[in-house]
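Go by the hints and put chain D onto chain V.
Chain order of the listed sequences is V and D.
Positions in the first sequence are counted from 1; adding 3 to them yields the numbering used here.
Positions in the second sequence are counted from 1; adding 12 to them yields the numbering used here.
Please note that the accuracy of each hint is not assured.
From chain D, some residues computed to sit far from chain V (all C-beta separations above 10 Å) [as the list claims (entries may be wrong)]:
#, residue
1, Ser-92
2, Thr-232
3, Ser-274
Calculated cross-link-like contacts (lysine-lysine; reagent style PhoX-like; alpha-carbon spacing at most 25 Å) [to be verified]:
#, chain 1, residue 1, chain 2, residue 2
4, D, Lys-432, V, Lys-112
5, D, Lys-236, D, Lys-213
6, V, Lys-193, D, Lys-423
Chain D regions said to be covered by chain V (calculated; three or more residues, Cβ under 8 Å) [what the hints assert, rightly or not]:
#, stretch
7, 30–44
8, 94–107
9, 152–158
10, 425–435
No lab work stands behind these hints, which were simulated from the structure alone.
For each residue, glycine too, the CB sits at the ideal point set by N, CA and C.
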Amino acid sequence: MPQTTIQKRLAAIRAFFKENHRMPSYAEMTGLFRVQSKNAVAKIVAALCEQGLLKKDKTGRLLPHRLTSARILGTVEAGFPSPAEEEMADTMSLDDYLIHNHDASFLLKVSGDSMINAGIHQGDLVIVERGRTPKSGDIVVAEIDHEWTMKYYEKRGGKIVLIAANPRYPPFVPKEELAITGVVTGVVRKYI
Amino acid sequence: MPWGSLNDWPKAIVHVDGDAFFAACEQAVHPEYRGRPVVTGKERGIVSAASYEAKARGISRGVALHDVPKLCPDTIIVPSDYETYSLFSKRMFAIMRRTTPLVEEYSIDEGFADITGLRGPTHSSYETIAQKMQDAICSELGITVSIGLSISKVLAKIGSKYKKPHGFTSIPADAPKPYLEKTPLDNVWGIGPQTAAYAAKLGIATALDFVTRDAVFITTHFAKPQLELWKELRGESVYPIVPEEKSTYTSISKTRTFTPPSHDRAFVFAQLSKNLENACIKARRHGLVTRRITLFLKTQEFQYATTEGTLSRHSAYPHEMMIAIRPLFDACFRNNTPYRATGVVLTDLILDTTIQRSLFELPIKLERLQRIYAAVDTLAEQFGKHVVTLGSSLLAHTQHTTSRGDLPLRKTHRLKGETKRLHLNLPLLLGTVR
Chain V
4 MPQTTIQKRL AAIRAFFKEN HRMPSYAEMT GLFRVQSKNA VAKIVAALCE
54 QGLLKKDKTG RLLPHRLTSA RILGTVEAGF PSPAEEEMAD TMSLDDYLIH
104 NHDASFLLKV SGDSMINAGI HQGDLVIVER GRTPKSGDIV VAEIDHEWTM
154 KYYEKRGGKI VLIAANPRYP PFVPKEELAI TGVVTGVVRK YI
Chain D
13 MPWGSLNDWP KAIVHVDGDA FFAACEQAVH PEYRGRPVVT GKERGIVSAA
63 SYEAKARGIS RGVALHDVPK LCPDTIIVPS DYETYSLFSK RMFAIMRRTT
113 PLVEEYSIDE GFADITGLRG PTHSSYETIA QKMQDAICSE LGITVSIGLS
163 ISKVLAKIGS KYKKPHGFTS IPADAPKPYL EKTPLDNVWG IGPQTAAYAA
213 KLGIATALDF VTRDAVFITT HFAKPQLELW KELRGESVYP IVPEEKSTYT
263 SISKTRTFTP PSHDRAFVFA QLSKNLENAC IKARRHGLVT RRITLFLKTQ
313 EFQYATTEGT LSRHSAYPHE MMIAIRPLFD ACFRNNTPYR ATGVVLTDLI
363 LDTTIQRSLF ELPIKLERLQ RIYAAVDTLA EQFGKHVVTL GSSLLAHTQH
413 TTSRGDLPLR KTHRLKGETK RLHLNLPLLL GTVR
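Excised from the complex, chain V in its bound form:
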């Protein structure tokens, strides 16, 4: 069993214990482990017991051993505690880090060098959140003459100015109403 699977299964048992204040039966564990038979559960339990992660009583039922306050027990036993669930709950995926509103986020592959001094290169992927109201200083994607344009969004004296991060491009003051598509929330550049 790979380490991640072991952690997942222990987490499922812990969650069950937390909710029901008792250990799950073998039938209930088929649901927790998403396996078909109690026989499969028995094999998993045997493997976890062998590694000392679970304990059974004489009749084969699970005992609530090392389930709660895992961190404290870890120190008492003078070993390193396994990465505890509580710690893991405070981390987020790279997806969540880069994307604020998943349902509104789109990718745009950058062509051109208008934002080069903002560190956005040709070939980079920018994450664009549609429908977000831009603030001064945000990088936005707007639609101008049937093309995308990516610039800094600035408000100057009640006027909107789009400014490139490249001195070769002059600031752009839209004459008509500007169609802002979205706000850039992140850039991704993958090397390997």
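Then chain D, alone, in the frame of chain V:
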């Protein structure tokens, strides 16, 4: 009239309907398509969806693509990009679910939401709640949807059709009359052309004509489905919102158009064989089996040849079904006739837990098939659909019918790190960046 009798909103149902959905998705990711006539379905030879700019020029769904330039020469014709459309669809439903978990995904571009009882917790009227849903979909996805809000599903659907595109129509319990008056009966969801023609003979032309007849008249002249529609139109909600993903089917059909059309017997059969495999994959995924198979061949002139066969035992294994399909195909297929599509329909599906074995069959044979297809399905899960196929389907997989220009950009251009099977789960904005 029962309208407005007890409560002004006994129920509050929202129907969200994408406006020219596929074409709108294309316009949302391609700035160069905005405001221009766009048509999808290049690989199929007929119009799948037409943008409102194209509709204004007389192009509608189902028009042959070679007629499109005659109607509007500057139309942009693009191949279908179902990956992008599906991502938009999923998001549309996800946004609807922010308001309520009671969301029914009726099809890729339309769905219902039950917002009954949400006025209190949100401190707003049903109109405001539905309008917010519409605003979120439009601003976050860059497409437009039309909304119907009413007290039953059928009325809500009348609402969303009433004004399009980007319409918002609320049909409250106390004032449905003007809307029903302007809705021809065959525009009502669930009323087909046959029923509409029959109703016309009874002097019923509009939804209002229908709804003002009494229950006795309806029951004597119509069947149960129309009685249910009659109740729904009168504001009595009969059809519930079904929030789960559809998992029970009474029939499964798989069909595929290939361009250019072909009169090659082996190739057309391979297409049919592939459709059969696809239908069986779906049946097995839902644990369903059948004894009845219908197959059809469609000629270039859009003529159908349809036959149907019965198996000796329920099955979801193309291996066994092939035996029945071959003679059916041979009976249908005409030499020197170009075909453009084949299709397979599995009907009378039942759960595979109730398979009854036939008397003269060796049980070991079935068990072997079960083992083989368990392995085939596992391989498909790991390495992609059709890694193991029937030999008879092979021609459909190896012979490329769609030219490269008929593939959407998302299929021909991969981002770094993407594989043929795995793409990033965010839609890509296309077109040039300046």
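Query raised in the report: Where does the structure disagree with the numbered hints, that is, which hint numbers, in rising order?
Result: none
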